[in-house]
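> Based on the hints, put chains A, V, H, E, Y, C and P in the right spot on chain U.
Chains as they are written, first to last, in the numbering used here: chain U, 487 to 737; chain A, 487 to 737; chain V, 487 to 737; chain H, 487 to 737; chain E, 487 to 737; chain Y, 487 to 737; chain C, 487 to 737; chain P, 487 to 737.
Hints should not be assumed to be uniformly reliable.
[Claimed, not checked] Sample of chain V residues with no beta-carbon within 10 Å of chain E, all distances over it, derived:
1. L495
2. S559
3. P561
4. L590
5. A598
6. E599
7. G601
8. T606
9. P618
10. L645
11. R656
[What the hints assert, rightly or not] Derived contacts from chain U toward chain P, CB cut-off under 7 Å, selection only:
12. M667
13. S673
14. G691
15. S695
16. L703
17. C709
Hints listed in this document are in silico derivations from the structure and should not be mistaken for laboratory results. Cβ atoms here follow ideal geometry from the backbone N, Cα and C, with glycine treated the same way.
8 protein chains.
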Amino acid sequence: MDRVTLETLLDAVARGQVTPDEAAQRLERLPFVDLHYAKVDTHRQLRTGLPEVIYAPGKTSEQIRGIARALLSEPGGPLLVTRASPKVFSSLRELAPEATYSALGRTIVLRAEVGAPIGTVGIVTAGTSDLPVAEEAASTLEAASVKVDRIADVGVAGLHRLLAESERIRAADVLIVAAGMEGALPSLVGGMVACPVIAVPTSVGYGSSFGGLAALLAMLNSCAPGIAVMNIDNGFGAAALAVRMLRARAA
Amino acid sequence: MDRVTLETLLDAVARGQVTPDEAAQRLERLPFVDLHYAKVDTHRQLRTGLPEVIYAPGKTSEQIRGIARALLSEPGGPLLVTRASPKVFSSLRELAPEATYSALGRTIVLRAEVGAPIGTVGIVTAGTSDLPVAEEAASTLEAASVKVDRIADVGVAGLHRLLAESERIRAADVLIVAAGMEGALPSLVGGMVACPVIAVPTSVGYGSSFGGLAALLAMLNSCAPGIAVMNIDNGFGAAALAVRMLRARAA
Amino acid sequence: MDRVTLETLLDAVARGQVTPDEAAQRLERLPFVDLHYAKVDTHRQLRTGLPEVIYAPGKTSEQIRGIARALLSEPGGPLLVTRASPKVFSSLRELAPEATYSALGRTIVLRAEVGAPIGTVGIVTAGTSDLPVAEEAASTLEAASVKVDRIADVGVAGLHRLLAESERIRAADVLIVAAGMEGALPSLVGGMVACPVIAVPTSVGYGSSFGGLAALLAMLNSCAPGIAVMNIDNGFGAAALAVRMLRARAA
Amino acid sequence: MDRVTLETLLDAVARGQVTPDEAAQRLERLPFVDLHYAKVDTHRQLRTGLPEVIYAPGKTSEQIRGIARALLSEPGGPLLVTRASPKVFSSLRELAPEATYSALGRTIVLRAEVGAPIGTVGIVTAGTSDLPVAEEAASTLEAASVKVDRIADVGVAGLHRLLAESERIRAADVLIVAAGMEGALPSLVGGMVACPVIAVPTSVGYGSSFGGLAALLAMLNSCAPGIAVMNIDNGFGAAALAVRMLRARAA
Amino acid sequence: MDRVTLETLLDAVARGQVTPDEAAQRLERLPFVDLHYAKVDTHRQLRTGLPEVIYAPGKTSEQIRGIARALLSEPGGPLLVTRASPKVFSSLRELAPEATYSALGRTIVLRAEVGAPIGTVGIVTAGTSDLPVAEEAASTLEAASVKVDRIADVGVAGLHRLLAESERIRAADVLIVAAGMEGALPSLVGGMVACPVIAVPTSVGYGSSFGGLAALLAMLNSCAPGIAVMNIDNGFGAAALAVRMLRARAA
Amino acid sequence: MDRVTLETLLDAVARGQVTPDEAAQRLERLPFVDLHYAKVDTHRQLRTGLPEVIYAPGKTSEQIRGIARALLSEPGGPLLVTRASPKVFSSLRELAPEATYSALGRTIVLRAEVGAPIGTVGIVTAGTSDLPVAEEAASTLEAASVKVDRIADVGVAGLHRLLAESERIRAADVLIVAAGMEGALPSLVGGMVACPVIAVPTSVGYGSSFGGLAALLAMLNSCAPGIAVMNIDNGFGAAALAVRMLRARAA
Amino acid sequence: MDRVTLETLLDAVARGQVTPDEAAQRLERLPFVDLHYAKVDTHRQLRTGLPEVIYAPGKTSEQIRGIARALLSEPGGPLLVTRASPKVFSSLRELAPEATYSALGRTIVLRAEVGAPIGTVGIVTAGTSDLPVAEEAASTLEAASVKVDRIADVGVAGLHRLLAESERIRAADVLIVAAGMEGALPSLVGGMVACPVIAVPTSVGYGSSFGGLAALLAMLNSCAPGIAVMNIDNGFGAAALAVRMLRARAA
Amino acid sequence: MDRVTLETLLDAVARGQVTPDEAAQRLERLPFVDLHYAKVDTHRQLRTGLPEVIYAPGKTSEQIRGIARALLSEPGGPLLVTRASPKVFSSLRELAPEATYSALGRTIVLRAEVGAPIGTVGIVTAGTSDLPVAEEAASTLEAASVKVDRIADVGVAGLHRLLAESERIRAADVLIVAAGMEGALPSLVGGMVACPVIAVPTSVGYGSSFGGLAALLAMLNSCAPGIAVMNIDNGFGAAALAVRMLRARAA
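This is chain U alone, in the form it adopts within the complex (with noise of 0.2 Å):
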């Protein structure tokens, strides 16, 4: 509730329209949906205009149904379940018979934003098992009408694999880049490029990647500046990064 809406309130109180009861309910009604096991925040996205997400382990698909519901039940942005299993996605279907899955991404788009694209976002991976995660990104931006362009396997080991995507690599105003292993390749594409670029370590390795720590490690001490670092796997964080990077500068 921001301030202009607090004095509204307060001059209908000052010219009797609006009771002080009435007025101290308002102020403490908060825009959420009690469902006992989740208080879901039905006005995320109006507060901070970003995808809204349902992160599927650990909960029920009851629960998981509930909360998408509540959702939908009012206008809204883009709604997405990550880390969804088919089934997870076959118990939605009812709810939202238009919803996709991304058995790659794993990923289930519930509503999808329809608008002119607000910007394109490179998607650069260093191998291809690093895919899901770089799909999970995708399918979350592809969501927020944000333009996906996917560069896949341009891995540090084969340097001219990177070189001949560099005009692609230029062309975006955000990149996102997925790398397991030592996780080097953020480090070289932060050093071509001057737009921001959000750098997902992933746990693609063995041995003494620790599953994935060798590697977000790496991408903390990049030697190029200003590489932005999410949790290992982190494909939705990295989206949802960049739209507030896009919405910013389309604000």
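Then chains A, V, H, E, Y, C and P, alone, in the frame of chain U:
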């Protein structure tokens, strides 16, 4: 070297204006000055639009001066030395008489950009001990024609201090949030605003903060989607990322 | 054995009512039942006033049944089995027909305390996926005559949800706050209330949450002073600590 | 700001005693003093009833003095500076002539509470080297009208020393147990008493104690149920938690 | 090959009883059977007097059988397979009809030593879930003519259970103490007795026990001097160390 | 593209044999096949002389087949799939009927080099459970015309087994030493020979071996100078390094 | 207090020779001297037969002197101060004029045992830098009437140095093996001898030795069965364990 | 002692030229000088062909001088002291007047090899702060008759600097690549060349670089196959490995 330059050069060869040998040399001549101990990348700013930095630790005063001289010898954008002692500052004064030093942020600005502000970055800190990191970011931003709004000591244990600043927080184009200890502040700020949020864990704390690791992990696992995370105490990096975002917007 | 009992016994020896040999035996007779694979501490509740628990993992159904039988054979307070599968519950039903099972909290209550509530504990969770840990705590508390107020899904990314519940939060005698991911919620709650706050990190999260380590470190480094921290996912322990506090108050 | 205050204010607006604009200002006026480098939360004690603390490391003497002056300018409860050098103490003496300094606990008490004791806290230490942490807790408690019983050097390698103090241990309302090395003492104490036990791992040890990590992990995994764990060396935090418990009891 | 054997051989060469070539061969002929996938050290027991073990994980049934056959083909001392499934036991029965299997300890004794006991080892466990590790140690010891006294479930949260067994504990020649969670038991036992104490951390616990790491670190940092620490869950190793001690005593 | 090729191309432009546009295209045409999900680097072997590998985990059978087909479509050197299941092998048989599969090393050789051996690599393993890693290395080497000498089960607890093989060990051009547990074998071997030693830690072990971390750290800290260390279980990498050495020698 | 003493006391009560009150006091009177900052356990040596130690770090000179005085005031066995600076030694000289100081081992022997040697301990070190740890062990042993054989610098990179000392190594009753870096030496020694081997990791090394962690993990994972592991740099502890073994043998 | 020597000796025994006793002594006489605190391995260079090194930290000046004297007393190859202060250098000058000291690499060369270069090693560094590690490697190599080509400051954020040196990089027989921070440079270099690449992580960086751990993990997980990894800051080790490779080639 972009494609246009390449084609122009090749046309000149085809027209006999440039000999093949000279073209080969030009194709290999690279935009740096070789000091033996350093290859100073004099074109990085032109290429990436970012402030150029000399990270002082592990370099002798002579090396720092040599690199600074090479960078100042060509026109360019903002140039800083970070983690610099007053002694390093003294040794650089004859080279750049107008250089300024922030004792709090341990930052020397050797050359600042002149021009209209390209946007406003709010720098939010959890506690007084986080100010050095914030100041490193602020020096960098101000040298790059970015307006800075410093919002200090709004840590999560006294929520009303944060809420009292919500207007200033919402007014920024980009937010940098620095916090040590449990590193919770970026999650809160991230839930309040739609603009990009850059989280900087600081090494403030003791015992199981493990030099900032606790705050770093907290920020990587933020439940507010789309938070960019930087290395521990990396105020410069946060500023560089903010500049990437604002330049992209301005472009 | 406290000093009063000791002096009484020695008086009886001095008066010839008890032989020295018998006194020596009594001094060494200990309040447990030896099942070979377990020494069941039948007096612990009398000694510490806490709920007694059988931690199921790593024990066979036979062992669990044997320990339960020994504990039920003496009068006592609340008795629970934690981390129990439905199969374990089945195998205990003939032993304790009135036992109840919480599928969410994986907790069997074999014996509950009957009596007036000794206080109210608010159990606050950051997200829906933290509910199993909360429910383990709730089952334990309810078996020990403690009133429970469940306040779910008030994580820090939507601050208004937390503020909307501030009245219920302030009404509790003790608060248990369970959160995964960045584990920031206890810091916020700790800054809002004067009562004791017990923080339980949960293993909810992925990648660099490292099975709850990120939340654990955050809670140990809370900037709100006086937060009690428990092991990851340890809902039972949090409840036991709350009972210690409420019993001390009641005493 | 609680609901009663809110309704009173709105009534005043409705009755024309307060203008809407003034009400909006009051609703946003916040209980802190802004020193630019710090927002001093002058109402925290009123809100949470806890001792207020200035953590000295990372702050200049000027900053500490400024924060202290702001806090002392309003009536309030106990006020301390922790991890303070004798030099910091000197710089604060003119501000608070009656301030006291504990060289062992490195704690300055700037203002102590006057009044009847609200309870007794036993502070149990495993070894002589744990005393500084114990003393930080003791100073804090004594400044908050809590009686302290110091029970030193009763580590687990000489069990009879612990058992010899069982009467004092059982007499306390709350126990703080500080131990380094293997950190086993809280488990033993926790099995002996019904009252709340607060475990503080200390950095005493070498090699694989990893600065207190061994003791911290041991305490988090205590087989005695209901042990509250604090950060390594956090004597102040343990005291603050004890005050929360005793205040709740007194309420 | 010790010096006496060496001199005898060289004497034989000097006397012409053995040719130089044959001596060189003997000097290089080594006491093992080469199975290509394994070099079975048939003389290790003669050399070190310790039970011989085949660690089952990562080996095929064929490999285990081959190694067992080679070891059984020569006279020797106790021979075990550890971490063995019932299936491995079945596959070895024809080879060694008198072999025995401990389902709890997952240990197969292929050949046991016959002879008078060389001493008594007390195996003390903190809880019921530590019994498998204890049983691996017990099987090994019993196969090596060591008497075992099993003292179960005397964890530190109920001190009287431990004290009740102090006579049995003091009667042992060597003590093996297995504990998970906070791993405090060896410190207590180490303070009670003069004999050698072998501490075995177990992986019993969850969350921040990190698979036994908490107990391991606690035991390495024991304040009771002179505690021998083994790898996590290494019951066999503890038994082997006890045999080293008892054999040395017997020698 | 080396300088000679570059000058030849530019000469052709200068002589009008190649148009500037065509030259620009050639300069940017890169030696890979773009499958969308992968950019197959068909010239890597020509460039680096190393065996080409498809790492199977995280790739679908379709993707593996697609990448294999692209690589087989051009002449080249050895081509392998590592960490491959028998199912993957089946799905590749029609593509490469002469492919072979090592069940122990989980390696498919799709194309082997034909030619005289370029040297001998001794593969030394500490125990039977290290053989899969050794076999991955052996398959790779044999596919690259390297002779392999397998020296198994010479771990440090039975030194005579190692010494017995000293002649074979000294005969190799390069040694690969794979060991789990304490990872001591490379230090010993490194002190015995002058040739390069490549140490491969394996994940053999349990408890505090932490999946091979103990062996990895040991090898990195070897007191024998000049030991090359690889990632945990990385048999392929060790073979690739050996090929680099032998090719350099042959060149 | 053992059972015999207990029965004697109770008999005296029954016979009227001791009053019940006096008996209760005696039963609670404990064998320590309370210095407030320390409870000096004057009977530990009688109880456990081990050398008594004052660990200097974290204690003031006054505290060390006080504890030493209390321990010296009763007859007893060997008494040491470990990790002691020359300054601490000076401050103790008047108290114990015959005290000796080992500058290498940083150990003060305040009281040594007089009597026939109870056995021989071989102290084997991998390198010259491990000598301080070895010397701490040696001082402790010699103060406890144990003969010490120092076998220095036989690290695994020059195997012949170790083999050259095999006779001395085999002659010891117990072996202490100290090594930093990769910590391989105990595995080798453990495979050569039948007597107990005590492994002490040292903090010698750099980089990924992580202060002795690499050596510690290696020793815990030794493939030679039955190796006792101590904390990093814990020479005293190793000596104490050796004394436990030799005393048990002598008993 | 190889087989030829062994047979020769035994022949001499058989022919009566050597007595059995003398042969036994020779078989046991080992090629080292025993200084009590060190066993100087005077034949290691003859055996392994590698430079001999004295690692200075943890050794007194007297010990270093003693070891140096012993090694210089026999003919041999290159001899160095690493991590040496100028003070150590001074103390060695009288012993070896022609010794040289590299202040940057902290390396003393006591004896250098004279002879034709055995190959060229390119030492590639990512940044100016990595030069000390590079210089330690360079001193070692030059003392061993290896030609060194220093290629400094070609980190991945400015790719053109690396590509500009591709000719020098491709000309080396072996490459040593030292990098801190994200440690990405070896992956890039490894993809560019066919020769062996030795990666040395450096401790350059801060925060989550964790003293070089980030770079170490990155290098172990390199996607370029066949990269040899060394301990953090281990320039000497990298040089020793390069010498192993070049000697093998020369053989």
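> Now look at each hint and say whether the structure bears it out.
Here's how the hints hold up against the structure:
no., hint, result
1, L495, "16 Å, holds"
2, S559, "17 Å, holds"
3, P561, "18 Å, holds"
4, L590, "18 Å, holds"
5, A598, "22 Å, holds"
6, E599, "21 Å, holds"
7, G601, "25 Å, holds"
8, T606, "27 Å, holds"
9, P618, "13 Å, holds"
10, L645, "28 Å, holds"
11, R656, "30 Å, holds"
12, M667, "4 Å, holds"
13, S673, "5 Å, holds"
14, G691, "5 Å, holds"
15, S695, "5 Å, holds"
16, L703, "4 Å, holds"
17, C709, "5 Å, holds"
Violated hints: none; the structure is consistent with every hint.
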